Amino acid sequence: MSNIPILEIKNLKASINENEILKSLDLKIYKGEIHAIMGPNGSGKSTLSKVLAGHPAYEVLEGEILFKGKDIITLDPEERSHLGIFLAFQYPIEIPGVSNEDFLRLAYNAKQKFSDKPEVDPLEFLTIINQKLELVEMSPVFLGRNVNEGFSGGEKKRNEILQMILLDSELSILDETDSGLDIDALKTISNGINAFMNKDKAIILITHYQRLLDYVKPTFVHVMQNGKIIKTGNAGLAQELELKGYEWLK
Amino acid sequence: MVNQSNKTLNTDITKLVNQPYKYGFSTKIEKDIIEKGLNENVVRLISEKKNEPKFLLDFRLKAFKKWQQMICPEWAHLKFSEIDYQNISYYSAPKAKKKLNSLDEVDPELLETFEKLGISLSEQKRLANVAVDIVFDSVSIATTFREELAQHGVIFCSISEAIQEYPDFIKKYLGSVVPIGDNYFSALNSAVFTDGSFCYIPKNVTCPLELSTYFRINDENSGQFERTLIIADDNSQVSYLEGCTAPQYDSNQLHAAVVELIALENASIKYSTVQNWYSGNEYGLGGVYNFVTKRGLCAGKNSKISWTQVETGSNITWKYPSCLLVGDNTQGEFYSVALTNNYQQADTGSKMIHVGKNSRSRIVSKGISAGKSKNTYRGLVNITNKALGARNFSQCDSLLIGNLSNANTFPFISVQTSTAKVEHEASTSKIGEEQIFYFLQRGISIEKGIELMISGFCKDVFAELPLEFAAEADKLLSLKLEGSVG
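In order, the protein sequence lines correspond to chains P and E.
Under our numbering, the first residue of the first sequence is numbered 1, with each subsequent residue one higher.
Under our numbering, the first residue of the second sequence is numbered 1001, with each subsequent residue one higher.
Hint data in this document are derived by calculation from the structure and do not stem from the laboratory.
Don't take every hint at face value.
Claimed, not checked - Label-pair ranges, simulated between beta-carbon atoms:
1. P:Gln-239 <-> E:Phe-1393: 55 to 63 Å
2. E:Phe-1393 <-> P:Gly-150: 52 to 60 Å
3. P:Ile-73 <-> E:Leu-1404: 28 to 36 Å
4. E:Glu-1423 <-> P:Gln-112: 40 to 48 Å
5. E:Phe-1393 <-> P:Asn-198: 37 to 45 Å
6. E:Leu-1404 <-> P:Glu-79: 46 to 54 Å
7. E:Leu-1404 <-> P:Asp-76: 45 to 53 Å
8. P:Val-120 <-> E:Ala-1426: 35 to 43 Å
Just so it is clear, the structure is predicted and the values come from calculations on it, not from any experiment.
The beta carbon of each residue, even a glycine, is placed where N, CA and C say it ideally should be.
Produce the complete structure using the sequences and hints provided.
In structure tokens, the structure reads:
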């Protein structure tokens, strides 16, 4: 384990529409760790994910976000992506008229280009993507369809995990990827995440439910409330929350 | 803090949108010009300069009379200050030797102009499969591949030459599809048109080359009034493309063209336009006023006329390429992409008039509006009582970019027979901040993302363009839109 955390958040305050949502948040994540973030609705979990990815609607008021020791607050979302930060969206966006295949290839090539590696042509890409499809049990049919258009909730979430695997991101933030999934889909996605995870990566799982954590074992569990992390524990904390609810922490 | 973030996005956008218009330069050239102003004498002078036969002078004078009695139409969803017709020059031509035997005789200054526009006229570098007629301000300066086409019996020349050499065609067909008094701008055009292209495809001939006319407005104070006439005789086929650019001036230039197409029995005409007139600056200053009447007549049975247009330029576009489906089993098509940005205004669409039995028509219109622009689709599907079994399918899609642009759809449908089948589909979508963020989060740049969405949105129309131009159109659109999301 390296001494520099992959992600270090110090005293982070952030707002949207002049409403302060994150209020002095601290978090330290090292490579090889999976951090689950739980907490009631409106506690700022999704805001945290958007702020980490650099969504322009959110403003950082104070604090630092260090990715591998470097402050990324001034970086564009695109640059953060190239550095290896991935956000699996809670509500994946539909993009009419753009095929999933083109979208995935463009994203893959953007990353290749950034890492000074050769860009791949559509045929080479097909070989690459077909292997990844198997990991999330997606049919190649999805490549020809428009990005997320007409996808079911579960299909959209699989598509997010597919992208995470394809881009091989170092820090992945999964925003309620388990919401709206049936048990089989949850297993498939968990298997995908576990196959992807290794000692050089880190994952933040934002979730409401213990059941995802049955499949993907977190190193730490944090509870967020009112824009702050109010409690941190191990996997056992999630089970306790499942039984007692968030009220118990108040 | 949404406002703040929008502001930053908007500055990016403004930077990108303000990429200079590539074709905005003007050419300094000695020219033969008629003083500004419009009266009967000017009409006579144009006719005289062109050494026209009497019937054409009469045609012009009759049109001029009509025009004087007409008023500028106000029904379009467009706002612009009144055009001062006395402040326009109606004839401006590069001073040149009378007849050009070869392109080598074209003024080198002009050749260079067209090289800059990406249209090579020099013999060695001409586009391999495209014959081009070049119209510079008021006159046609050159037509390529004429001899090669003549071997197949295809006539392709400037309309001025056609008036001299093929007066019978002109007498018979000029004004036959768009009558002199059809509308304000067509009447004006009929009175003062100076040049344009003429094309005749004889019976049973499939034109071996793509035909094309390239229109260039150069002079700041002259209007361009061109006239195009294409006749496809029985069982013939032709594909035709026009391109347009103009220099960047703070004043507005008027372009009022008339295009007439005639398809006889079993004939097929495909007419494509890539219009990139200067559209004015980011405050709406300058740019071309484009008031165009385009109409095709499917006269013979089983004939087909297909319009494809990619409209990206002009300050104002007022244009409704239409089909009169007179013959039985005739087919009319209209595929359009109209893009407006900044303060551009477009009111465009099509008319399909069904007279023939089992006539069919299809309208696919894609409007993209960005900036503070206004983009309007206006269409008419008219199925007359004789058009038994007629069918129409219309699809009008609008794509809004940013929060300040405007899209409208005005479809008119009139059906007078119970045997007709008419379908209309419409949709509106938006490229917003969330979609852009999704692209960015995946490491894809704004430019690439928009390019991808636009080409996806337009693919049904681009598929109709001749191959050489489809890629060009794709590029043109993304260039015009770079960064216009806010």
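Hint-by-hint comparison with the structure:
Checking the proposed 55 to 63 Å range against Gln-239 (chain P) and Phe-1393 (chain E) shows it holds: the Cβ atoms sit about 59 Å from each other. For Phe-1393 (chain E) and Gly-150 (chain P), the hinted distance range of 52 to 60 Å is not satisfied, since their beta carbons lie about 22 Å from each other. Between Ile-73 (chain P) and Leu-1404 (chain E) the Cβ separation comes to about 29 Å, which falls inside the hinted range of 28 to 36 Å. For the hinted restraint 40 to 48 Å between Glu-1423 (chain E) and Gln-112 (chain P), the CB-CB distance of approximately 45 Å keeps it satisfied.
Between Phe-1393 (chain E) and Asn-198 (chain P) the beta carbon distance is about 54 Å. The supplied range of 37 to 45 Å is therefore violated. Evaluation of the 46 to 54 Å hint for Leu-1404 (chain E) and Glu-79 (chain P) yields a failure: the beta carbon distance comes to about 28 Å. Checked against the hint of 45 to 53 Å, the C-beta distance between Leu-1404 (chain E) and Asp-76 (chain P) comes to roughly 23 Å, which is inconsistent with it. The hinted range of 35 to 43 Å is satisfied by Val-120 (chain P) and Ala-1426 (chain E), whose Cβ atoms lie roughly 39 Å apart.
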